[in-house]
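There are 2 protein chains.
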Amino acid sequence: MRIMKAEQFGLQREVEYGTPEQNETVRQIVEAIKAEGDAALLRYTEQLDRVQLEASSLRVTQEEIQAAYEKVDAEFLTAIREAAVNVRVFHEKQKRNSWMDLQPDGTMLGQILRPLKRVGVYVPGGKAAYPSSVLMNVIPAQVAGVPEIVMVTPPATGGKAGIDPYILVAAAEAGVKEMYRVGGAQAIAALAYGTASIAPVDKICGPGNIYVALAKRSVFGAVDIDSIAGPSEIVVLADEGANASFIAADLLSQAEHDEMASAILVTPSETLAEAVAAEVERQLATLPREAIARASIDSYGAVLLVDSIEAGITVVNKLAPEHLEVLTADPMSLLGLIENAGAIFLGPYSSEPVGDYFAGPNHIIPTNGTARFSSPVNVDDFLKKSSLIYYSKEALLKNGNSIMTLARHEGLEAHARAIQIRLEQEGK
Amino acid sequence: MRIMKAEQFGLQREVEYGTPEQNETVRQIVEAIKAEGDAALLRYTEQLDRVQLEASSLRVTQEEIQAAYEKVDAEFLTAIREAAVNVRVFHEKQKRNSWMDLQPDGTMLGQILRPLKRVGVYVPGGKAAYPSSVLMNVIPAQVAGVPEIVMVTPPATGGKAGIDPYILVAAAEAGVKEMYRVGGAQAIAALAYGTASIAPVDKICGPGNIYVALAKRSVFGAVDIDSIAGPSEIVVLADEGANASFIAADLLSQAEHDEMASAILVTPSETLAEAVAAEVERQLATLPREAIARASIDSYGAVLLVDSIEAGITVVNKLAPEHLEVLTADPMSLLGLIENAGAIFLGPYSSEPVGDYFAGPNHIIPTNGTARFSSPVNVDDFLKKSSLIYYSKEALLKNGNSIMTLARHEGLEAHARAIQIRLEQEGK
Numbered sequence: 001m002r003i004m005k006a007e008q009f010g011l012q013r014e015v016e017y018g019t020p021e022q023n024e025t026v027r028q029i030v031e032a033i034k035a036e037g038d039a040a041l042l043r044y045t046e047q048l049d050r051v052q053l054e055a056s057s058l059r060v061t062q063e064e065i066q067a068a069y070e071k072v073d074a075e076f077l078t079a080i081r082e083a084a085v086n087v088r089v090f091h092e093k094q095k096r097n098s099w100m101d102l103q104p105d106g107t108m109l110g111q112i113l114r115p116l117k118r119v120g121v122y123v124p125g126g127k128a129a130y131p132s133s134v135l136m137n138v139i140p141a142q143v144a145g146v147p148e149i150v151m152v153t154p155p156a157t158g159g160k161a162g163i164d165p166y167i168l169v170a171a172a173e174a175g176v177k178e179m180y181r182v183g184g185a186q187a188i189a190a191l192a193y194g195t196a197s198i199a200p201v202d203k204i205c206g207p208g209n210i211y212v213a214l215a216k217r218s219v220f221g222a223v224d225i226d227s228i229a230g231p232s233e234i235v236v237l238a239d240e241g242a243n244a245s246f247i248a249a250d251l252l253s254q255a256e257h258d259e260m261a262s263a264i265l266v267t268p269s270e271t272l273a274e275a276v277a278a279e280v281e282r283q284l285a286t287l288p289r290e291a292i293a294r295a296s297i298d299s300y301g302a303v304l305l306v307d308s309i310e311a312g313i314t315v316v317n318k319l320a321p322e323h324l325e326v327l328t329a330d331p332m333s334l335l336g337l338i339e340n341a342g343a344i345f346l347g348p349y350s351s352e353p354v355g356d357y358f359a360g361p362n363h364i365i366p367t368n369g370t371a372r373f374s375s376p377v378n379v380d381d382f383l384k385k386s387s388l389i390y391y392s393k394e395a396l397l398k399n400g401n402s403i404m405t406l407a408r409h410e411g412l413e414a415h416a417r418a419i420q421i422r423l424e425q426e427g428k
Numbered sequence: 001m002r003i004m005k006a007e008q009f010g011l012q013r014e015v016e017y018g019t020p021e022q023n024e025t026v027r028q029i030v031e032a033i034k035a036e037g038d039a040a041l042l043r044y045t046e047q048l049d050r051v052q053l054e055a056s057s058l059r060v061t062q063e064e065i066q067a068a069y070e071k072v073d074a075e076f077l078t079a080i081r082e083a084a085v086n087v088r089v090f091h092e093k094q095k096r097n098s099w100m101d102l103q104p105d106g107t108m109l110g111q112i113l114r115p116l117k118r119v120g121v122y123v124p125g126g127k128a129a130y131p132s133s134v135l136m137n138v139i140p141a142q143v144a145g146v147p148e149i150v151m152v153t154p155p156a157t158g159g160k161a162g163i164d165p166y167i168l169v170a171a172a173e174a175g176v177k178e179m180y181r182v183g184g185a186q187a188i189a190a191l192a193y194g195t196a197s198i199a200p201v202d203k204i205c206g207p208g209n210i211y212v213a214l215a216k217r218s219v220f221g222a223v224d225i226d227s228i229a230g231p232s233e234i235v236v237l238a239d240e241g242a243n244a245s246f247i248a249a250d251l252l253s254q255a256e257h258d259e260m261a262s263a264i265l266v267t268p269s270e271t272l273a274e275a276v277a278a279e280v281e282r283q284l285a286t287l288p289r290e291a292i293a294r295a296s297i298d299s300y301g302a303v304l305l306v307d308s309i310e311a312g313i314t315v316v317n318k319l320a321p322e323h324l325e326v327l328t329a330d331p332m333s334l335l336g337l338i339e340n341a342g343a344i345f346l347g348p349y350s351s352e353p354v355g356d357y358f359a360g361p362n363h364i365i366p367t368n369g370t371a372r373f374s375s376p377v378n379v380d381d382f383l384k385k386s387s388l389i390y391y392s393k394e395a396l397l398k399n400g401n402s403i404m405t406l407a408r409h410e411g412l413e414a415h416a417r418a419i420q421i422r423l424e425q426e427g428k
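Residue numbers (the numbering used here), protein chains in the order written: chain F, 1 to 428; chain G, 1 to 428.
Treat the hints with care, as some may be off.
Below, computed lysine-lysine pairings styled on DSBU-like, alpha-carbon distance capped at 30 angstroms [what the hints assert, rightly or not]:
id: 1; chain 1: G; residue 1: Lys318; chain 2: G; residue 2: Lys5
id: 2; chain 1: F; residue 1: Lys393; chain 2: G; residue 2: Lys95
id: 3; chain 1: G; residue 1: Lys95; chain 2: F; residue 2: Lys318
Please keep in mind that the hints were generated in silico from the structure rather than gathered at the bench.
Given the sequences, and given the hints that come with them, work out the whole structure.
This is the structure we're talking about:
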């Protein structure tokens, strides 16, 4: 693992927009679903997923979900149930109420918060199908009060027939009642525009391959979408007293995700830098996903030396990492200085997988520096707000002239007259 | 104004994605700003706005702002100050605190809310430069606590030299301290990527022409952007007792915005329908913007007849209008049934211009049916959240096995080992 001065390091990854061919493929699929509905959905499923379905067999049955429960092991079921409780509890704390401001003249202003009505969650097939991500997408929507949450996932995963039973169980545990065996751009288009079998949704979330990402981008506007996630990132900020083995293990837990994942240690301690680099090497050797983790460490990993912890925080704020671990003598004292980080893990026992799987906060977190302006998935993502204005006669009589002044300045006479006609009726 | 059964009406407008030529123009401008900075910014300003500037003259000076105050009339200044207070008060009520959940085993979980650091507000030139929109974009950012709010606006507006003094005054009143005379796609690219004269921002908001909209779309990811607004819309839901003149005036106040604006009355009363249609005709005749309002009413306006007010609410929820006025005998009793509307105006004195200019709620509201899933501009738009996880040793010892079970099920052994290495150190 390379060790360098922080000033020498730059991390810049471009957003993936797809090739013109991929964009054209997605455009054709979306148009076909819009025009032909189920017929196109079944045709693309046969063509792309090599599975022949009928409209009546798109929906996953209650029996299949029951059968999935028979297949998952008990230890997994216990753990996912514990995790689901923690995720639910953490997200419940985010809930807000609609509010009103009642003014002495009878005017009432407010903000009404309502859940979206129908949300679609995409779950990719194959090895990218993570039960934990099902929880992280579904539970915030459910806590927000979304009455209809629908899951779509490809009909065959990783060469196996049917849907991974662990995914079905995770979805059922999270509370999903409606699941369809469709994937790819065709599933996204079906969720956005609806078909005879699948009613359209208001928002689509969940990760997928480049076709899924491009399809989500193309239906945005007709429906809302979540953000498109980039490769995973961890930054560890640590001082001399930190445990090098812990740090190396945590860096590798991100590096194993993806060759493009990024794992960075920021420290003022050369001793720690060298110890962590050595530990990374030692631990890498026995990892099942050694090749992936090594590629990630070689290309996007680094130990960055800084003059002080405060200088390290400046580096962290520039990187705006998805995950930040702070392993210093008094991590809480630094919290106020951390401006940009999607999730902040403090102290030696807050290993990042604690948050990935279990503690409760969401594991879908902004990547690629976007923690500067965006947030982990949360309950607000599934709420919409409406403004409420009940203006009293007294308020209108008092303020009508100011409103007309502003409208007329902007050349919008009809706006002014909508006020004037009311003032005139009151004899003003 | 046409009167029809609600079932016969469909309102569908496509999102504007620009022509290939417009997209290519914007791509070239954005690339040039990224590569050349100020040099390209000045070149495009000369080429497109026909104004020759130097880097040192991009920023609006304190003297110009003072001079602008000399030019605006006193009545306007009073009114915009009153409006600014109301907008600030309403948005202050939206503020939220960071929160923590302290658990008995010492674990602490939380959500940290922070303002974005730097926000850019685009203000179009010419007739589309509305002082009220400056307030509506700037004040929520300011209330959120954004320390740096920067305004950009084209150097010449509507054939006049210099920036409209009313825009300068509105920005100064809203609290903007940093303003630049640049517009178009080049201004958006400068805000997104920065130049020697203009430091990059984290989010760009504000309306603009098609080039501005395409540039915002293209820089999204490097920075956050607000949503792209469509033509304005009003739906009035009214029963027999409502005042036809008020309704007609309110419909026209939207219709005068734009030939593509939409103004719709939904009512079970044929008597009211006919009275409003006649009133619209009568009031149209004396409007300065008659041609625009008439085009809007003819193309996108309608009176929709429904069987009952409840059936009318179903229509409203399908339309998901930007603005909804409810002029019925007891409007508050219907509030719970209204699922989709950006801003809801209740009762005879809550004319829509009250909200456009003065009451306090934001006038930048989702259009084109997107109130199904999005919200008026609000303080949350300028905040980002970070998750906070401080896990205690006790919590890790208790839950470590469940975390490892979930990680290993997903094939992520390094995740499991990051937990295991800690358990082993504790002798587990």
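Evaluated hints:
1. Using a Cα cut-off of 30 angstroms, the hinted pair Lys318(G) and Lys5(G) holds, with the two alpha carbons roughly 15 angstroms apart.
2. For a cut-off of 30 angstroms, the pair hint linking Lys393(F) to Lys95(G) stands: about 29 angstroms separates their Cα positions.
3. For the proposed pair Lys95(G) and Lys318(F), the alpha carbon gap of about 26 angstroms is at most 30 angstroms, so the pair holds.
Going down the numbered hints, you'll see the structure goes against none, and every one checks out.
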